[in-house]
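So in the working numbering, the last one in the sequence shown is 503, and the numbering has no gaps at all.
No lab work stands behind these hints: they were computed from the structure. By construction, the Cβ of each residue, glycine as well, lies at the ideal position given by its N, Cα and C atoms. A hint or two may mislead.
[Said to hold, decoys possible] Derived CB-CB ranges, DEER-like: (1) Arg409 / Glu300: 38 to 44 Å; (2) Leu110 / His386: 53 to 59 Å; (3) Pro299 / Pro322: 29 to 35 Å; (4) Lys97 / Ser21: 32 to 38 Å.
[Claimed, not checked] Using 16 Å as the maximum straight-line C-alpha spacing, the simulated EDC-like pairs for lysine to aspartate or glutamate come out as follows: (5) Lys372 / Glu388; (6) Lys309 / Glu378; (7) Lys177 / Glu240; (8) Lys309 / Glu286; (9) Lys15 / Glu434; (10) Lys264 / Glu240; (11) Lys97 / Glu37; (12) Lys15 / Glu57; (13) Lys220 / Asp272; (14) Lys97 / Glu32; (15) Lys220 / Glu240; (16) Lys220 / Asp196; (17) Lys232 / Asp189; (18) Lys180 / Glu313; (19) Lys309 / Asp282; (20) Lys309 / Glu382; (21) Lys372 / Glu23; (22) Lys180 / Glu320; (23) Lys309 / Glu341; (24) Lys312 / Glu122; (25) Lys397 / Glu374; (26) Lys325 / Glu378; (27) Lys177 / Asp86; (28) Lys312 / Glu240; (29) Lys292 / Asp196; (30) Lys325 / Asp221; (31) Lys147 / Glu199; (32) Lys49 / Glu16; (33) Lys144 / Asp126; (34) Lys177 / Glu57; (35) Lys147 / Asp221.
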Amino acid sequence: MGKELQSMSQEVGGIHTRMESVGFESSEGEVRLIPGKVHTISKQEPLPNHLTNCFVAWVNHVPIIRSGSIDSDDKAHEFVALARKVNQERTNSSSTQLFRVCSHQLNSVEFEWDLIRFQHQRLSQISRAMQKGEKIVHLTADLRNFYTIRPNERKLQSDEEALGKLPKLLNMAAWADYCAWYNDLLEEAFSNFLCDAVDEYTLERYIKDFRHEVFSLFLKRTREQLLELELQVGTLEKAMKAPYRDVVATEKRLIQARSDMQRMVRAHYDSLTEILRIIKIVGDAHPELYPLMNIGKVLKELLANQVEVPGVKSINWAVNEMHLQILNEDFGVISALNCDNGIDRTNLAFAIRLAVSQLKQEFSREEVGEMLEHWEEITRAVNKKVTNGGEGETPQRLAQMVIRYRERFCGNLVNFCIPITELNTSGGMPQRQERLYEHQIPLNFFPSHFSFPNEAGEPERVPLVNYDSETGTPTELTDAGHRLMMSVCYS
13 MGKELQSMSQ EVGGIHTRME SVGFESSEGE VRLIPGKVHT ISKQEPLPNH
63 LTNCFVAWVN HVPIIRSGSI DSDDKAHEFV ALARKVNQER TNSSSTQLFR
113 VCSHQLNSVE FEWDLIRFQH QRLSQISRAM QKGEKIVHLT ADLRNFYTIR
163 PNERKLQSDE EALGKLPKLL NMAAWADYCA WYNDLLEEAF SNFLCDAVDE
213 YTLERYIKDF RHEVFSLFLK RTREQLLELE LQVGTLEKAM KAPYRDVVAT
263 EKRLIQARSD MQRMVRAHYD SLTEILRIIK IVGDAHPELY PLMNIGKVLK
313 ELLANQVEVP GVKSINWAVN EMHLQILNED FGVISALNCD NGIDRTNLAF
363 AIRLAVSQLK QEFSREEVGE MLEHWEEITR AVNKKVTNGG EGETPQRLAQ
413 MVIRYRERFC GNLVNFCIPI TELNTSGGMP QRQERLYEHQ IPLNFFPSHF
463 SFPNEAGEPE RVPLVNYDSE TGTPTELTDA GHRLMMSVCY S
């Protein structure tokens, strides 16, 4: 059985955050959850066939699940059992919630594709067998370890682009579900909406188009074909004597089906763009539509990055995490994060998302959405103020939100993530610590300084990030910043 662990909690500014560990036992196909236990990774012991480093964090009634890889049927069933328990707990604490879960996997497409594919296929199968209205969607972000001893190999641009397309194609089924959830909100909002102007009638037409695309028969058939082909590829690969040409032919059909799905989701994006354009025009006369617009803007931002809209600047993985968290809360979706071990990449994504939920306890949904919309320009302004020695105007409201967010993000790393890492004895980096792939570390999320206990046990603010003094762009972590990251990533 795993290690015993008391729950962890944090109280900052009147906002209470708690995190509880979860262990598992299985008997005759039944999964038993054991609160206060955790399965960890040890270099002296074999990996347990249970979800490792599994925790649930709560900010008010908003849960976030985190764990290691879901790479076996047993672990998949443990994940679903935990998600149902979490859904029951949040439903008892607030209003009735549909069972919606997003499993977001943070693995490398190049080095961990088998992990990604198994988790995607298994959760898709389980979700397909669920009752109407229940759904588990799977998203993956191509993310390598933040520190690695692998040589820093340069790849051809064509290879980089091909690797970048794989997770996006895999994600299309999930994004079709997000569009369907947005359609539910549209239909609810417009069930009693009286159209009294040309613009409103135009809006109604685009909403009907959106609904037609979301529930099209071709989309439904393509989704069914996708799952069947994924299962066929897995079966053929397991069959040692399967002809190579059969595997290749099935994989080609699978890629074509995913490309078809991407084109359909792109059509969702185009209709959503028109809906948001018209809501903006009629918004003053119908302020009740603004919440729909705020949710739609976040969905559009995420879709643009996935369907590769020409001329739209892609957002980095960390900003993507913020958008996903706020969107999941809008749709009542339980967020679940994992990487291979549930430590390094999961830690950073978890700290990012938890800080979003914490910030929403202090500021309105609209304010947090505005901060996300202008993240790059606000962080640049805050950074330039730091490089100028604190001179300049008093930070405005959005700048103050960024400062508060960064403090919470770093506090989550220190108070929740490092203790989880320290539970594991899986080893770590050798004496020669490489700093490869540092570009994936979200430097703009760290505060310029953070308080740590000094040798006397007194809090002392130390710098974490260096900046370009002219542009306000963060250039690298300081030595203290690297020590913090190594503590987050490796035991």
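These are the hints, each one checked on the structure:
no., hint, verdict
1, Arg409 / Glu300: 38 to 44 Å, "24 Å, violated"
2, Leu110 / His386: 53 to 59 Å, "32 Å, violated"
3, Pro299 / Pro322: 29 to 35 Å, "33 Å, holds"
4, Lys97 / Ser21: 32 to 38 Å, "19 Å, violated"
5, Lys372 / Glu388, "19 Å, violated"
6, Lys309 / Glu378, "11 Å, holds"
7, Lys177 / Glu240, "21 Å, violated"
8, Lys309 / Glu286, "11 Å, holds"
9, Lys15 / Glu434, "12 Å, holds"
10, Lys264 / Glu240, "14 Å, holds"
11, Lys97 / Glu37, "15 Å, holds"
12, Lys15 / Glu57, "13 Å, holds"
13, Lys220 / Asp272, "21 Å, violated"
14, Lys97 / Glu32, "13 Å, holds"
15, Lys220 / Glu240, "30 Å, violated"
16, Lys220 / Asp196, "12 Å, holds"
17, Lys232 / Asp189, "11 Å, holds"
18, Lys180 / Glu313, "14 Å, holds"
19, Lys309 / Asp282, "13 Å, holds"
20, Lys309 / Glu382, "10 Å, holds"
21, Lys372 / Glu23, "15 Å, holds"
22, Lys180 / Glu320, "9 Å, holds"
23, Lys309 / Glu341, "14 Å, holds"
24, Lys312 / Glu122, "28 Å, violated"
25, Lys397 / Glu374, "24 Å, violated"
26, Lys325 / Glu378, "23 Å, violated"
27, Lys177 / Asp86, "30 Å, violated"
28, Lys312 / Glu240, "29 Å, violated"
29, Lys292 / Asp196, "20 Å, violated"
30, Lys325 / Asp221, "27 Å, violated"
31, Lys147 / Glu199, "19 Å, violated"
32, Lys49 / Glu16, "5 Å, holds"
33, Lys144 / Asp126, "29 Å, violated"
34, Lys177 / Glu57, "37 Å, violated"
35, Lys147 / Asp221, "24 Å, violated"
Of the numbered hints stated above, those contradicted by the structure are hints 1, 2, 4, 5, 7, 13, 15, 24, 25, 26, 27, 28, 29, 30, 31, 33, 34, 35, listed in ascending order.
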